[in-house]
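Chemist: Sequence:
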Amino acid sequence: MIEQGIYDINEISLILEKEKSENIRKYKEILKISKNSLENSEIQEKMEIYVDFLKK
Numbered sequence: 000m001i002e003q004g005i006y007d008i009n010e011i012s013l014i015l016e017k018e019k020s021e022n023i024r025k026y027k028e029i030l031k032i033s034k035n036s037l038e039n040s041e042i043q044e045k046m047e048i049y050v051d052f053l054k055k
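Once you know that position 47 of the sequence shown is 46 in numbering that gives the first Met the number 0, the rest is easy, because the numbers rise by one and skip nothing.
Hints should not be assumed to be uniformly reliable.
Within a straight-line C-alpha distance of at most 25 Å, the following computed DSS-like cross-link-like pairs (lysine-lysine) qualify [unchecked claim]:
(1) K54 x K25
(2) K45 x K31
(3) K34 x K19
(4) K45 x K19
(5) K31 x K17
(6) K45 x K34
(7) K34 x K54
(8) K17 x K54
(9) K25 x K45
(10) K31 x K19
(11) K17 x K27
(12) K54 x K31
Just so you know, these hints were derived from the structure itself, not from any lab. Owing to the predicted nature of the structure, the values given are computational and were not obtained by experimental measurement.
Start from the sequences and build out the full structure, keeping to the hints where you can.
Modeler: Structure below.
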C-alpha cells in the first residue's frame with residue numbers, strides 16, 4: 000500500500016532496513032577512499048559522488 004501512502008509495520012521495517020544497509024555501504028566506501036587516498040585533491044574528487052549523502 001505504499002503507493003497510496005498507507006504503510007504497514009512490515010513495509011516500514013523493510014524500507015528502513017534497506018536504507019540502513021545502503022548507508023552502511025556508503026560509509027564503508029567513504030572510509031576506503033579516505034584511507035587509500037594520499038592527496039587531498041584526490042580525496043575531494045572521489046568524495047564529490049557522496050556530497051548529497053554526507054549533507055544528511
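Chemist: If a hint holds in the structure, say so; if it doesn't, say that too.
Modeler: Tested hints:
1. K54 x K25: Judged against 25 Å, a Cα distance of about 13 Å means the pair holds.
2. K45 x K31: The given pair, whose Cα atoms are some 11 Å apart, holds under the 25 Å limit.
3. K34 x K19: Cα-Cα ~23 Å, so holds.
4. K45 x K19: Holds, because 22 Å separates the two Cα atoms, which is no more than 25 Å.
5. K31 x K17: Answer holds: K31 to K17 is near 21 Å, not above 25 Å.
6. K45 x K34: holds (12 Å)
7. K34 x K54: holds (21 Å)
8. K17 x K54: The given pair, whose Cα atoms are some 19 Å apart, holds under the 25 Å limit.
9. K25 x K45: Measuring from Cα to Cα gives roughly 12 Å; hence the hint holds.
10. K31 x K19: With a Cα-Cα distance of about 19 Å, the restraint between K31 and K19 holds, given a limit of 25 Å.
11. K17 x K27: holds (16 Å)
12. K54 x K31: holds (19 Å)
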